[in-house]
Amino acid sequence: MKLSLKPQETYRDDYTFSNSDEAILRFPFPFPEDGYMYSVNMEPHVRGGATPVYDKVFDVDEHYIGDMADRAITLDQDPLRCQVLPHMETAEWDTLELLMESLANDYPEHFSLTKNGDKWHWINRPLEIDQTFTFGRKETLPYDPFEYITRQMQGDFSLQDQRDNNLYMDGGMVTSQADWSLNFDVGMSFHEWHGPVPLAHQAGVFDRALQYLLRLQYGKPVRRLNWTMTANPRLDTSPENYPLWGPEKAAITPENVGHRMCLRVELQTLHRLPRSNAILFSIRGYLIRLEELVKVKKWAVRMHRVIRDLHPQIAEYKGLPRYRQYVVDYFAPFDDGRTLNSGIAAEQDSI
Amino acid sequence: MNTSRPLYKPFALDPSGLAHLIVTSLDTPPEGIEDSFDNIEVWTVKHAGPGVPVLAAGGIRPFRSTTEQLAQLGHRLGRMTAGLRFYAIGSEAFIWDAYNIAIAAGMHPSEIFLHRAGPFVRRVYCSHCRTMVEDVPANIVTCPSCEASLFVRDHFSRRLAAFMGVKVDAEVPGEVPAAEVFTS
Ligand code: HEM
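Quick note, the sequences are listed as chains A and B, same order.
Heads up: the first sequence is residues 1 to 351, going by this note's numbering.
Heads up: the second sequence is residues 1 to 184, going by this note's numbering.
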């Protein structure tokens, strides 16, 4: 199906963001069962599967233009949201190549890449970019290669160097994070940056996840879904700007919870990079207002059960307690006690 | 369980070292080192009166502040002796500052030993205005620059030698819980 892009929406101030019916049906709902607990939920990132967002290597959707405009605003206010340590330059070019090739291959009507030796020609039609440059020569681009390409791709990214049997977060573009800070975490190892997460360390989740990632192979990306909730469709829920978005959480009421509250799902994909042997971590976020989510019956019923039964330490970590009961009450009328099939598929073709 | 915060072993000299440099933010050397090895140099923090230095004696060199001490450390490690082992003893902020200086001077992590000692105080990084707040004794502290009351998250950065501080009453201004004094 051809991808059509909406004109620019906003993710702050007046929050004009909304999902079309098609976008709702393709939403990556993160709960295959009626309950949720941390686990090593990784699988090969192959095309196709339970949700259409798995169809492309890097998914682009109708919100593309608004996403990139919001990233530009955040970077303008805080350039340190994008940082790459100097020894990661090869990984920067690896990232640029992977993203350009994937976009041009998956969305030829919007992006094109022509190579003539190391003279490359990149066209991004939605953002009206037409760039010729020399691969490997950063002075031929308006930004360093990693920043250049991630200003043109939805979702956050981090770059992991692999050494001493560990992964180190030695770079990233992080403007739409669920309350963590690249500037604080840059240079940390896998267990260090995961420090604040409850329960999962004790359960051995991070030990096993790291072992899995250290063996990640080029050309065989893997994926997992992660989720949280956000008051208003706001991309920049950073610790840096918590004084701006914190009050919006406190303004949630039983009356406005359906409209303002959003489920925020991250499709995380991990890619081994060919020249640097680094790992590119893509955190592609999707937002859906609760009043949009309930248009899919199965998801409304399941949301009620998952949020109602969520482990208190996970709820606390995700910042849910202040409005958790409102969310449960909002979904309760949809839950008629029926048995739901396993899996995340919407199980309906229209809204 | 917190995994960004390192675990520290009790202080002991590494017998494979040929020379030992011990820097401590305390005013006395660690106990029991005098007769155990040759080639031991100890840097402490002590002053004899306002601004007045204590002179070096018997392998012990006092500095008037950790700032003065750390400012000279890079220079000292620049003329490093082969087989040198480096030890830092003090608050978490101090020992990781010292660690970062040693790494920048070319030491290998296996030659560096860190030991937390002294009062349980933390350096806190204000996530909002990036100010470092020193010697914080409890898990809530006011940022001296942007005035936010910060909750100290159990998240430690070795690069910044600091814990992460995030506005505690961002959601409902004024809703600040009672602070808890650090016991580790
Ligand atoms: C290189 C890849 C990865 C990076 C860069 C990364 C990064 C992060 C970061 C920055 C956080 C937030 C921590 C905070 O609160 O400060 C986080 C949370 C988390 N990560 Fe990872 N992660 C990676 C891979 C994985 C993998 C493979 C798993 C698999 C089990 C995993 C599981 C989790 C979980 C369970 C959380 C808590 C999320 C929540 O409840 O919202 N991570 N990760």
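Read the hints as simulated data drawn from the structure, not as lab findings.
Warning: the hint list may mix true and false statements.
Partial list, computed: chain A residues near chain B (C-beta under 8 Å) [unchecked claim]:
hint	residue
1	Ser181
2	Tyr242
3	Arg322
4	Pro333
Note that the structure is a prediction, hence the values are computed from the model and not measured.
Ideal placement from N, C-alpha and C gives every residue a C-beta, glycine not left out.
Hints and how they fare:
1. Ser181: holds, 6 Å
2. Tyr242: Constraint on Tyr242 of chain A satisfied, holds at 4 Å.
3. Arg322: holds, 7 Å
4. Pro333: violated, 27 Å
Violated hints amount to a single one, hint 4; each of the other numbered hints is respected by the structure.
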